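Number of protein chains: 8
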Amino acid sequence: MEKALRALLEGVRDGSVPVDDGVVRLRDLAFEDLGFANVDHHRKLRRGVPEVVLAQGKTPDQCVEIVGRLLARDGDVLVTRADASTAEVLVNAHAGGDWNRLARTVFWRRTDGTPHLPGRVLVVSAGTSDLRVAEEAAVTARAFGNEVETLFDVGVAGIHRLLGRGEMLRNATVLIVVAGMEGALPSVVAGLTDVPVIAVPTSTGYGASFGGLAALLAMLNSCASGVTVVNIDNGFGAGCAATLIHRLALRKESSA
Amino acid sequence: MEKALRALLEGVRDGSVPVDDGVVRLRDLAFEDLGFANVDHHRKLRRGVPEVVLAQGKTPDQCVEIVGRLLARDGDVLVTRADASTAEVLVNAHAGGDWNRLARTVFWRRTDGTPHLPGRVLVVSAGTSDLRVAEEAAVTARAFGNEVETLFDVGVAGIHRLLGRGEMLRNATVLIVVAGMEGALPSVVAGLTDVPVIAVPTSTGYGASFGGLAALLAMLNSCASGVTVVNIDNGFGAGCAATLIHRLALRKESSA
Amino acid sequence: MEKALRALLEGVRDGSVPVDDGVVRLRDLAFEDLGFANVDHHRKLRRGVPEVVLAQGKTPDQCVEIVGRLLARDGDVLVTRADASTAEVLVNAHAGGDWNRLARTVFWRRTDGTPHLPGRVLVVSAGTSDLRVAEEAAVTARAFGNEVETLFDVGVAGIHRLLGRGEMLRNATVLIVVAGMEGALPSVVAGLTDVPVIAVPTSTGYGASFGGLAALLAMLNSCASGVTVVNIDNGFGAGCAATLIHRLALRKESSA
Amino acid sequence: MEKALRALLEGVRDGSVPVDDGVVRLRDLAFEDLGFANVDHHRKLRRGVPEVVLAQGKTPDQCVEIVGRLLARDGDVLVTRADASTAEVLVNAHAGGDWNRLARTVFWRRTDGTPHLPGRVLVVSAGTSDLRVAEEAAVTARAFGNEVETLFDVGVAGIHRLLGRGEMLRNATVLIVVAGMEGALPSVVAGLTDVPVIAVPTSTGYGASFGGLAALLAMLNSCASGVTVVNIDNGFGAGCAATLIHRLALRKESSA
Amino acid sequence: MEKALRALLEGVRDGSVPVDDGVVRLRDLAFEDLGFANVDHHRKLRRGVPEVVLAQGKTPDQCVEIVGRLLARDGDVLVTRADASTAEVLVNAHAGGDWNRLARTVFWRRTDGTPHLPGRVLVVSAGTSDLRVAEEAAVTARAFGNEVETLFDVGVAGIHRLLGRGEMLRNATVLIVVAGMEGALPSVVAGLTDVPVIAVPTSTGYGASFGGLAALLAMLNSCASGVTVVNIDNGFGAGCAATLIHRLALRKESSA
Amino acid sequence: MEKALRALLEGVRDGSVPVDDGVVRLRDLAFEDLGFANVDHHRKLRRGVPEVVLAQGKTPDQCVEIVGRLLARDGDVLVTRADASTAEVLVNAHAGGDWNRLARTVFWRRTDGTPHLPGRVLVVSAGTSDLRVAEEAAVTARAFGNEVETLFDVGVAGIHRLLGRGEMLRNATVLIVVAGMEGALPSVVAGLTDVPVIAVPTSTGYGASFGGLAALLAMLNSCASGVTVVNIDNGFGAGCAATLIHRLALRKESSA
Amino acid sequence: MEKALRALLEGVRDGSVPVDDGVVRLRDLAFEDLGFANVDHHRKLRRGVPEVVLAQGKTPDQCVEIVGRLLARDGDVLVTRADASTAEVLVNAHAGGDWNRLARTVFWRRTDGTPHLPGRVLVVSAGTSDLRVAEEAAVTARAFGNEVETLFDVGVAGIHRLLGRGEMLRNATVLIVVAGMEGALPSVVAGLTDVPVIAVPTSTGYGASFGGLAALLAMLNSCASGVTVVNIDNGFGAGCAATLIHRLALRKESSA
Amino acid sequence: MEKALRALLEGVRDGSVPVDDGVVRLRDLAFEDLGFANVDHHRKLRRGVPEVVLAQGKTPDQCVEIVGRLLARDGDVLVTRADASTAEVLVNAHAGGDWNRLARTVFWRRTDGTPHLPGRVLVVSAGTSDLRVAEEAAVTARAFGNEVETLFDVGVAGIHRLLGRGEMLRNATVLIVVAGMEGALPSVVAGLTDVPVIAVPTSTGYGASFGGLAALLAMLNSCASGVTVVNIDNGFGAGCAATLIHRLALRKESSA
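Residue numbers (the numbering used here), protein chains in the order written: chain A, 1 to 256; chain B, 1 to 256; chain C, 1 to 256; chain D, 1 to 256; chain E, 1 to 256; chain F, 1 to 256; chain G, 1 to 256; chain H, 1 to 256.
Hints were generated in silico from the structure; no laboratory data involved. Just so you know, not all the hints are guaranteed correct.
Which residues of chain E face chain D? A partial, calculated answer using Cβ under 7 angstroms [said to hold, decoys possible]:
| no. | residue |
| --- | --- |
| 1 | THR128 |
| 2 | LEU169 |
| 3 | ILE198 |
| 4 | LEU220 |
| 5 | SER225 |
| 6 | GLY226 |
| 7 | THR228 |
| 8 | VAL229 |
| 9 | GLY237 |
| 10 | CYS240 |
| 11 | LEU244 |
| 12 | ILE245 |
| 13 | LEU248 |
Here are the computed lysine to any residue pairs in the SDA-like style, where the Cα-Cα straight-line distance is at most 20 angstroms [to be verified]:
| no. | chain 1 | residue 1 | chain 2 | residue 2 |
| --- | --- | --- | --- | --- |
| 14 | G | LYS58 | H | LEU102 |
| 15 | E | LYS3 | B | VAL19 |
| 16 | E | LYS58 | C | SER16 |
| 17 | F | LYS58 | E | LYS3 |
| 18 | H | LYS3 | C | ALA84 |
| 19 | D | LYS58 | G | ARG132 |
| 20 | C | LYS3 | C | SER16 |
| 21 | C | LYS3 | H | ASP20 |
| 22 | A | LYS3 | G | ARG132 |
| 23 | F | LYS58 | E | ASN100 |
| 24 | A | LYS58 | A | VAL89 |
| 25 | H | LYS3 | C | ARG25 |
Since this is a predicted model, take the numbers as computed values, not measurements. The beta-carbon is built from N, C-alpha and C at its ideal position, and this holds for glycine as well.
So that you can see chain A by itself, here it is in the shape it has in the complex (with noise of 0.2 angstroms):
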């Protein structure tokens, strides 16, 4: 787009394209030209960064052959939310695929796969229901250059479990804490902490969970100042979230 934008130019320098022409032409590169800042800028930082297929809502073949195009071009593919028969055509079609059968992902490593973003996310979570979308999590920021832990299994019924791990809570820079039910295990963890807090709903649980949303109400009236919440069962999101701040620190160093 650049080019497109020096050659017009170059033209208009030269002669060859009139002025009145050239304004013409660019009113209609100017809404491109949003795109191109924004493509720039992303590319940057892209190191590491997978494609994303979202496999919900797409038949099998259309992933086989989405997930194709996309290795075509070398960099890394994560697909999400892939059921057991999406998944075993995927792995089938385009070797190397990781599949994730907990987390619903298969992911292809074509780079070199060494964390190289600064930090650590620790993903937190409550009970052995809510571990599909804690993986989902915790295998979204691993596609995306984080160094991952996990510690799972510590409800807040349970709280000492979650007491016992101090070392584990201190060395997180980023926690990603998912809980289904009573969606009270961030507000603890928060108070355990002073890195981000990224709370996670799930819909694990019956009757008046009502899919989720006791959780996720009880995430966003979170007494922890400093809690932010992303939709119900979205592990991949606050994969993503974690994602971005951790990037501000490779930010600022290659500004510098």
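With chain A held as given, fit chains B, C, D, E, F, G and H onto it using these hints.
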């Protein structure tokens, strides 16, 4: 009522009441009989049970009149949900009323007042804004004959404040845990004890607390088995439930 | 844990552990200490307390493995929310399991099994479709050492069926009242007794029952003071809450 | 209208109205004709039917003017949802108005006033705070020509008070049952009678009553078949529905 | 029951039953007495009242057994909410069952079957998808002895279809109006008649119909006074309510 | 109908129909007359208006029969919400059906098919999962005679893709904007144009999208004045609304 | 903006602006360019378009100042949602303001004021309490240059009043239908016409109207295809949407 | 606390504290120890961290007293949600308070006040009515040591205003995006940057905004991955979350 029944049967035996008349009169008595069973049953346990007047929805004049009638029976009288103006009128009208502004209660103690129920109720609450509900629970529990302790301002985001009061937790036989916002406290508390925990959600909060709905749902979904829940802001109900639990011991003794 | 603490202090006394090291090691122990306090406290009361496995959200294989591990410890094991296929696999894998199809539970009784808690739980339910939840409550209460009676099919629209069972109501020390649809039964029952009433809303119904929301709201708004409520369909939670109440007596005895 | 129709046809017959013109004029009349059919039909049954003015959303001046116009027609006039200030203005402006503060109604009786409908409406209500709605239903039913009895303060938690009034229940031909909070009363009442039960949820309550939603849902889910429901606090609507039922008999007689 | 009562009193009179024993026995009888009053009362009106079995939530085998037992009493039996497989088993097991696939009902008529209630129920419905509920209402009303007419496919967006059936509307004494989506039909219909209108919202629709909530709310807010509402999809309940209304006339006659 | 009216009037004029009979017959005709007015009015605009069959809630056989009957009238027929199995049966049964799998529509074009309405509908959609609804809107708008363009996959998070299609936006006279999840697209699009924008929320999403509620609420609250909204997933309704707008021009022309 | 663009290109042509500088400056201009495109586009159609000020959430002083600034530009100014006190201050501060108390609007007409848009908006409303919203729609539509008629007080329960105004319905090119409570009017109206119908739910009602939710849902579920909906009480939005539709004709003419 | 621990161990070492006593005393200290760990940990980062007082739910007198106590410790004090009357009392009582009427905050700066955190917070908001929340976020972020810029009045319907501020967007390291009504702004903004975006829904709006629910749901469903959300109107929480993110850099430096 039992007297009436016996009198009727004696009338039948003596021939002063014909069988046909007896059938008719018994049919009407039948309905009353239920009440008899209950009232009598209640009486045994009624020592130290105040009459309760819900001021909300009544005019100050109506409250004064009702309280007057009840005091005339020489028992204790508890008025709940009395706003400042109603309470002021009440304490002026009937001497000896103990007005708790925070709890919005006025209590006339006419009986001895020493706790007569075994065990100890511990009322735990999270934030300053939950105090009005916590106090209502405490006043109610005391009025019904329980020994009551309070532990206020121990939110989940500062869990160490709670953990530092192990003695209090260990001494309680019933816990009333009052919390608004994310309503996480009952789960945490229940994980630290093994006595009944009655959770009271409050309407404290704003935005997505939706008038206490967030706290209510959180408590209903508590991962700590054995937590039971009352209506939003229902400190009175929690005090009653605690009383029913403590009365069990009394009943056993009295039936021994 | 207490041993570790004592060993550490003895090391300090003997000079083999410098005071500085002691401070560091105690800081880490501190977290564990909480667990110690609790676990120990629990143990005294744990006679007749089964291990509980929630089958929902686990594969049959996972359930078989977990139950196997727990049975190896010689205690009782209760599996809840086990669908037919999971239950069948379980009873075939581990001998002695008592499968209650309606309650969706399997229970392995390894201990004596005589109710060891004082009092009697009465489980009351309204309609045939509420039986699965009522049975879950009954099975749970029995597994935890309560004596349990059941009184089924006594809906509020046929209130006389309930009124005819005065003996049962009078003998109970805790009432678990299970109802779907309009959820009115707990209010009516609570008006007839003066023991704690634990209300369990069920998802029975259609249309404006909204998966049990109607019954849940009705119970939370019960005009009978002292009714407490658990989550929709949470028969297990009601059984646990009843247990906590009955344990109070035990505790008092054991502390006497 | 019928006259206009007949005149038109006579015009066509006489030749003073060409067929083409007749078609055009009939097309416009057609719409009116509907009104004609209905109005006429209504008239037969309209003896004792007051004009009704909903004061809510109108200024006192507007109410005075409208009521004045209606009184000029010599029929009965019923104003509903009139707050104290509006009602005061109204009774001062137009003599003979019967102001029911609780029901928030003013009623000008210009006709005889003896109930002209067969049967008897029994208005049953649970708590003191439901009285305003129960009274609105009673006033409405009386204004429309029904004989009305009331049975107040018979909540489900004190079921014996209800059971003791068998005579009243047996004498009623339509029951209006008004209840807030858990809204259980209509189910219980309907189980004791076999006449139509119209349930009126009220906004009485707090917290999880959600402005009457809890009572509304409970009533819609009533396990007692044949209960029908009107809007929250809609005592007026219940009085109207009872009237329609009682009119059936009148209609039959008048058509006999 | 009356017999038992009389026998007891005669025993007391004769001295064979001591007064003390009489008190005890009467206390237990008392509860039953309620049932007696009701059951007896019901019996007079029970001509043409079928036993009703709700198939939903029961296995086909359970249904077969229950229906068998009820048929043995020689009365009519109505099964509702029977899916195809249950219905098939039922009609094969017990001869003479009339299976209405749309209404999901099976009906065994053992009595004469001529409508014995005065008046006529008109079931009006809007769209094809509402037919299942409308048919359930019609089948129920017929089974309970009403004369029933149906007027289907008259949605409010084609109001002229409704207006063209004035005769039908004028002949009905109770209207059951069934509608999903925006639920406007009952308001329109009620504006055209002056007999009781029972509105039945259906779950027909998608998106913001929220399973019938839109139609339910619309009907509860009907601007046509006198409309009453039953639960979403509750055709059975509407049929029962219509029956209760029509029975009033019968009752009057029988009491004459 | 007009014929019938004219015949009747001629009968009155000729004396073959007495005036009294005329009044009676007109009263019944009156209702029908409404239909006449409308239908006639519609006819003028009906060129290119297909008959529409909603397959959802009908069996394949019912669909085949209905479509057959409609095709016999030589007009266009559009079937919506046809799942794969129904669609397959339909295209086999009636030749010439154009099956759009994504839109779940089958369309039989019997008329010319050239767009006959002025203007151009632009259907804009955000994500791949919204395509089914966007396609339904496009197919509907085309079937009703509109010229239609589509602009898919232009979510708000990549706003530059939208901004780059200025030409398309400028050429459209009505915009249908389809979006799920946060439903922000209509606001953004409406800010860039000044033609009517019809917003269609979709059920795309999970968790707190609550089946499209999030998108629906967002669109209703659009800060861009002039956006109107249809039901969740209602692509058909949006296509109809666009048609009504474009028909205005036609109407003006035809009335010129 | 176009000038700036042309100047820049001329600089490049003349050599006074190096190509590299041109690229940088264009990148910043690009964003502005969007605004240019839009604003210019708008201007053509802006004849008769008033500036609009939403008074709600602003102090009277702020309103006075903003209106003053806008009036200085010599265009029309419309203030919406102005409560009585704000409106009074406004009409005193700036001469010539037309205050509509019901609609809560103040309008300063500085231009000619003759409707310049083709077609006619008909605003239909159900009850007296909906008038404020209906008037807001009418005032808005007039202020934006539409010819407007109003048809008030035509609720669905008195459908004949609506049917009697066929002429009005036939003359309208866009219908704005305003209704609270059950929100049925748009469906009925849409069934009688074939022009675009914009439905406006109002918060009129009580109880289960839930602040207009009942009417909103009803309108979204309208069985009359082609009805579109705006936010609750959003008369202004409906007036804008009608304007956008009528402008289409203007645009076509201007582009001809 | 560390001192107490050290003293205890020294006592054990010296023999003045027997090991048995040490165990008992440590068990109680253990709970406190948690607090110690945290508080100490916090202190390092506490430079520039004000004490915060939530005025809402407290009387002016209570606020004055609390603020007085906190100011005595020489740190900064921030009061939030202070209505005009409370704020006035506060600034009169304690000199040096900076009252922001819009944000409803009063801030006493006792420390240096130069931003000490790296990075820059950009607070973006849509409409005038969102300013109060946006200002609360800005005031909070500044009080906690962040450099803050604001970009107000950039709603999505005028997207070009946002696009024209590329420089500001590029300079920010954390974005707080505040929006009511349809809540679309965070999605659009997040698509233009790659730094963390904290979305704050506001209760601005009416009708179907349901007190901010519409904006909240929209933000939770943002199609722009990495957006996190706080409670409705929670500007304070957003400012805190931004602070936690910026502190990460500080922490890294301090640990270097």
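Do the hints match the structure? See the list:
1. THR128: violated, 25 angstroms
2. LEU169: Check failed: Cβ of E/LEU169 comes no nearer than 10 angstroms to chain D, outside 7 angstroms.
3. ILE198: OK, holds: E/ILE198 within 7 angstroms of chain D, min 6 angstroms.
4. LEU220: holds, 5 angstroms
5. SER225: At 4 angstroms from the nearest chain D Cβ, E/SER225 passes the 7 angstroms test, so the hint holds.
6. GLY226: It holds, given that the least Cβ distance between E/GLY226 and chain D is near 4 angstroms, below 7 angstroms.
7. THR228: Check passed: Cβ of E/THR228 comes within 3 angstroms of chain D, closer than 7 angstroms.
8. VAL229: holds, 5 angstroms
9. GLY237: holds, 5 angstroms
10. CYS240: Since chain D brings a Cβ to about 4 angstroms from E/CYS240, closer than 7 angstroms, the hint holds.
11. LEU244: It holds, given that the least Cβ distance between E/LEU244 and chain D is near 4 angstroms, below 7 angstroms.
12. ILE245: holds, 5 angstroms
13. LEU248: holds, 5 angstroms
14. G/LYS58 / H/LEU102: holds, 12 angstroms
15. E/LYS3 / B/VAL19: Roughly 11 angstroms separates the two Cα atoms, so the pair holds.
16. E/LYS58 / C/SER16: violated, 72 angstroms
17. F/LYS58 / E/LYS3: violated, 58 angstroms
18. H/LYS3 / C/ALA84: Given that 20 angstroms is the threshold and the Cα spacing comes to 60 angstroms, the pair is violated.
19. D/LYS58 / G/ARG132: Holds, because 12 angstroms separates the two Cα atoms, which is no more than 20 angstroms.
20. C/LYS3 / C/SER16: Measuring from Cα to Cα gives roughly 17 angstroms; hence the hint holds.
21. C/LYS3 / H/ASP20: Cα-Cα ~11 angstroms, so holds.
22. A/LYS3 / G/ARG132: Since the Cα atoms of A/LYS3 and G/ARG132 sit roughly 58 angstroms apart, the hinted pair is violated (cutoff 20 angstroms).
23. F/LYS58 / E/ASN100: Status holds; Cα separation ~17 angstroms.
24. A/LYS58 / A/VAL89: holds, 13 angstroms
25. H/LYS3 / C/ARG25: Measuring from Cα to Cα gives roughly 15 angstroms; hence the hint holds.
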